[in-house]
Structure formats: C-alpha cells, structure tokens
Amino acid sequence: MKIVVCAKQTFDTEAVIALTADGQVNATGITLIIDPYSEFAVEQAIQMKEKDGGEVIVLTIGNAGAQSAIRHALAMGADSGVLVDDPAIAGGDSLATALILAKALEKLNPDIILGGFKSSDIAGAQVLPRVSSILNLPNVNVATHLEWADGKAQVTRELDDGVEIIEVALPAIIGAQQGLAEPRYPSVKGIMQSKKKPINTWTLADIGVDAGAVGAGAAKTKVVQYTLKEARKGGRIIEGEVPDVTKEVVQLTRTEAKVI
Amino acid sequence: MAGIWVFADHKDGAFRRVIFEMLSEGKKIADFLGEELSAVILGNNVESLAPQLGEYGAEKVIVLEDAKLASYTTDAYSAALTSLIQKHQPTVLLFPNSSTGLDVAPVVAQKVNTGFVADVTEIVYEGKLQFKRPVYAGKAYASIAFADATRPMIATIRPKAMDVADPQAGKTAAIIKETAGDFGDIRQIVKDVIRKASGRVELTEADVVVSGGRGAKGADGFKLLETLADVLGAAVGASRAAVDEGWIDNQFQVGQTGKVVAPQLYIACGISGAIQHLAGIGASKCIIAVNRDPEAEIFKTADYGIVADLFEVLPIMTEEFKKLVASA
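From first to last, the protein sequence lines are chains X and D. Start counting the first sequence at 1; every next residue gets the next number (this note's numbering). Start counting the second sequence at 261; every next residue gets the next number (this note's numbering).
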C-alpha cells in the first residue's frame, strides 16, 4: 500500500508566543517541530507499513527549513519525503494549501492519505476536508482508530459524546486525532538511516499549480490582527490546615468568585 | 445574496445551548449587516423543532427533511447544505464547533469556493465583520476577515463563548420547507455509534469541570474526582499525563491537543500545569488548583491554590460543596 502523510511543521508546543512590532507572530528563536497531529498520522502510516508492507511518503509544504520536520518522520520510519517549496506560496490561505496538496497527491497517486485533522498552531481544521472535496475522495475526520482490509478502511471517529465507526472505500483521506497512534521516538539507527532517505523538492510548476491561484493575492480570508491572550492573574495560595483551607476555598467560590 | 444562517444541529430532538448562542450572535450580525437571520435544520421529521428557533431570534427556519439526513454523514449533509447555499446565497453561515459542525463546514466551504474560520470565540464589528479565534492553543488570537467578494462567510462557533439573549415566547418564524436534490453517492457508511454516556454534561459545555492529572495516581483517584463532579453536576476532564497512563479515555483530555473548556469553575487536581494544559483552561472564570508540590506551575494560574494531597482534600471538598450547593 502506498501511504502519503500530509505533514506540517509548527512551533514547539512549549513555545511562548510574542508579536513583532508590526503585529505579526514572532517566529524568531522558536524551535520548529513536526506538528503533533501530523506525527500521529506518521506513526499510523508506519504501523500500517510494518504490518502489510508498502511505502510511506511524507508530503510537506514549506521552505528548506521544513525539511527537518520531514527528516523526523523519516527517522521514525517513513521512506521518503516530498517538499513543495515555491516563493509564490507565501501568504496563502487554507484553500491554497489544500489545492497544492491535492495536486501533489494526484501526482503521488496514493492508496490512502493521512494527516492531522488540525494543526497545533493555527488549528484551521479544514485542509484535509478541502483536499477531499478537490480530489473527490471520501474523508473521515478526527480519527482515533483505523483498521483496513480489502480496499476498505474502518475508522473510529471521535464525536462530542462518544465515537462512531465509519467505513469507507480506499483511497480515502483520514484526519488524525490524538489517540490514533502513539508516536515512537526515532531510534539512533532510524536517525542515521533517515539521512540517506530521499526528499524531493517540487515547485508549483512541477505539480501544475498556477502561481496566481495561491499566495496572498488569492487568499479569501486574511488575518486583520493578532492579539495576545491576557495573562490570568492567579497565584493565590490559601494557607492553613487542610480542612480549613478546603472549606475556605469552597466558600470563596460563592462569596468572592461568584461561580457557584 | 443575503441572509445570516445558523446551522441548527440537533440531537435526540433537542438543541444544545450553542445553537441559541449562535442565534443571539447571529441577530447582532444581521443587524450589523442589515440582513435577516435564518436557521437551517436538516434531518428526518424535524419540522417540529423549528418554532423554538423563532423564539431565539430566527425570522425564517429553512427545513430540509430526508431519510438520508436522519443520521449524519459528511457526504449527505455537505451535499444538502451546498444545494441550499447555491439556491439562497446567504452572506454568513454559522455552524457549532461540534463534531458535526467541524466536519461538514470545511467541506461545504470548499464546495462553494469560500473561506472558513474554525472555532470562533468572538465576532468583532469594526468596519468589516471579523471572526476572532484562538491560535497557538489559545496563547494568542487572530481576527480574520473575508475578502470582499468571498461569500458566504463560513465559521464554526465555539460553545459557551457567546451569550444567549432571552427568548421571546410566542415569537414565530416563517417555515420554509425545502426538498432534497440528489445527494450523489454517500461514501461514509456508519457501522456503529457508541455514545459514551457518562451521564455527564459535555466538557466543552460544562459550567464546572473537575480534572485530574498524574497526582490522581490511577482509577481510584478519578473515583474521588467523579464523586466531586456528581455533587457539582460537573464534567470530568484530565491532563495528558493521566490519559497517557490510561486512567481515563483520551476524549476527556483538556489542553492543546485535547478539549478547550470554558467553565465557570475549573478544579485541577494533581495537575502540574504544563503550558499545553493551561492552553485549554485559560477561559475558565475561576480555577482551583490542588497539588502537593508548592512549586507546581498550575498555582501561578489558579485563583485559589491548595498545597496538599488531593486524596486528603477531595473528600472534604466534596462534603463542603454538597453543603454549599444545598444552601443555594
């Protein structure tokens, strides 16, 4: 089975977010990692390959720096990477991201497509559903378990108050939620091997995407402004014997916080 | 092209509160843009649900009934909504940020070639309509506007982020019955639906959340949390540490890769307060932290901190809340 994982590079989830003088999110000094949701998808793909054979290709959009996210997936056990890198991509919205992925996926022609159902940074939660619409493939989102056989996938999809089991024919697009597969740490051997694995860089022309269809000029939505969340003013420790302290805190929820 | 639409998702013949929150905010958007507020109901035999939506501000309720809409599938619902949009061309379409809303909205947005903004917590009425939403797991917000020619503006609205206006008893909405066109192939076959009915309110809708972390030490610790939650009518949540230990199902995880909650009261028990967890609880009105470690990060965020073992604190806290609730 040929499995393509759409993976994204994001800020380390530990990162403290600050804004630049002109109001953009400041990326200076921030460690970049493979997105946690992408990582669930990579792990699932590798487990599928380990069970049934096949190959795992990691597909990422970004500049040369995004290769490190692909390398991480290769060190986990993926076979090769594709990086779509083109200056015309900058400033694009989720429609553009979906279009680029869809065109690259057409070229790769996979049996199943995996990816994060959202990212841990922007969390736009729409790229894979959009890709599914462009490619006219079924999409199952927020997946926490996946079984596959005979050209079909059975996907456990998380609901607000439970789960549902959805069956789709392959090829299909599956959006990973936490729980789908617990990502392994790359082994030393895996890291060494990853350095020899190929990462192909494609431009928009390579996948037949018109530069005018992506980028800031084509964007249908635009961030007007970023604001930082105000810090909570917490930090009050109630001191004393446990029964007294507990009683006092419970009372404060009504007398002071007025939440009960 | 006109109209503000609210997708009125329903379950077991009832609406969740977020639908009324969306109608209340949708009325403000309608007034801001000088347009009309409508609700959209999909399902089978659902017309009887419509009148309630009128009381919460919908002037029209578009009802599309079909056996193929009896239970949710991405393909059937996205096809139905796409045909309604193409026919009526609304300006704004709001969905709840629920498992259904978040699944169908981006597909519909792609089908009608428009933008989509997920998990909106505030509508900003400055010049252009702006959809404000958390990014970087709530560490920052982005206010997003649609390009002038891009319609409809599609968004999902986070539960509990917006206020509900008082309903006007007896206010009626015009019912517009639509018929379904061709749904095409419905490729998602629903084999089973397993409701994990804990009998509790959902995390994202709860007024009180009691959460446990590594300090809960296991299922026994979570039993203490459950007992407290019973008294408060609360939802039970967990930190990633507790989920990773297998003490509780991952759907109850609160934080950056879990649920984002916005209760009146959040009680963090044996949770250290990793930045990823704090990202999911920042909108709580009041936070109580119970942790043995006085250096735990959670105490910097909590309104009230108790430095003690949760196994000692929780039985007392449960009794005290029982008394407090009884005295209401």
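I should point out that these hints are in silico values taken from the structure, not numbers from a laboratory. We treat Cβ as the ideally placed atom computed from N, Cα and C, and that holds for glycine. The reader is advised that the hints may include incorrect statements.
To be verified - Below, a list of computed lysine-lysine pairs in the BS3-like style, where the Cα atoms sit at most 27 Å apart:
id: 1; chain 1: X; residue 1: Lys220; chain 2: D; residue 2: Lys287
id: 2; chain 1: X; residue 1: Lys233; chain 2: D; residue 2: Lys392
id: 3; chain 1: D; residue 1: Lys371; chain 2: X; residue 2: Lys233
id: 4; chain 1: X; residue 1: Lys107; chain 2: X; residue 2: Lys197
id: 5; chain 1: D; residue 1: Lys431; chain 2: X; residue 2: Lys222
id: 6; chain 1: D; residue 1: Lys288; chain 2: D; residue 2: Lys451
id: 7; chain 1: X; residue 1: Lys2; chain 2: D; residue 2: Lys451
Claimed, not checked - Listing some non-contacts, in silico: residues in chain X with all C-beta distances to chain D over 12 Å:
id: 8; residue: Asp85
id: 9; residue: Asp86
id: 10; residue: Ala90
id: 11; residue: Leu99
id: 12; residue: Leu128
id: 13; residue: Arg130
id: 14; residue: Asn136
id: 15; residue: Glu182
id: 16; residue: Ser187
id: 17; residue: Gly212
These are the hints, each one checked on the structure:
1. X:Lys220 - D:Lys287: 24 Å, holds
2. X:Lys233 - D:Lys392: 23 Å, holds
3. D:Lys371 - X:Lys233: Not OK: Lys371 of chain D and Lys233 of chain X at ~45 Å, beyond 27 Å, violated.
4. X:Lys107 - X:Lys197: Cα-Cα ~20 Å, so holds.
5. D:Lys431 - X:Lys222: At roughly 38 Å apart (the allowed maximum being 27 Å), Lys222 of chain X and Lys431 of chain D break the hint.
6. D:Lys288 - D:Lys451: Outside the cut-off at roughly 41 Å; violated.
7. X:Lys2 - D:Lys451: Holds, because 26 Å separates the two Cα atoms, which is no more than 27 Å.
8. Asp85: 24 Å, holds
9. Asp86: 22 Å, holds
10. Ala90: Given that every Cβ of chain D is farther than 12 Å from that of Ala90 of chain X, nearest at about 17 Å, it holds.
11. Leu99: 10 Å, violated
12. Leu128: 8 Å, violated
13. Arg130: 4 Å, violated
14. Asn136: Incorrect as stated: the minimum Cβ-Cβ distance to chain D is 10 Å, not above 12 Å.
15. Glu182: 8 Å, violated
16. Ser187: Consistent with the label, Ser187 of chain X stays out of reach of chain D, its closest Cβ about 20 Å off (over 12 Å).
17. Gly212: Gly212 of chain X is indeed farther than 12 Å from all Cβ atoms of chain D, at 15 Å.
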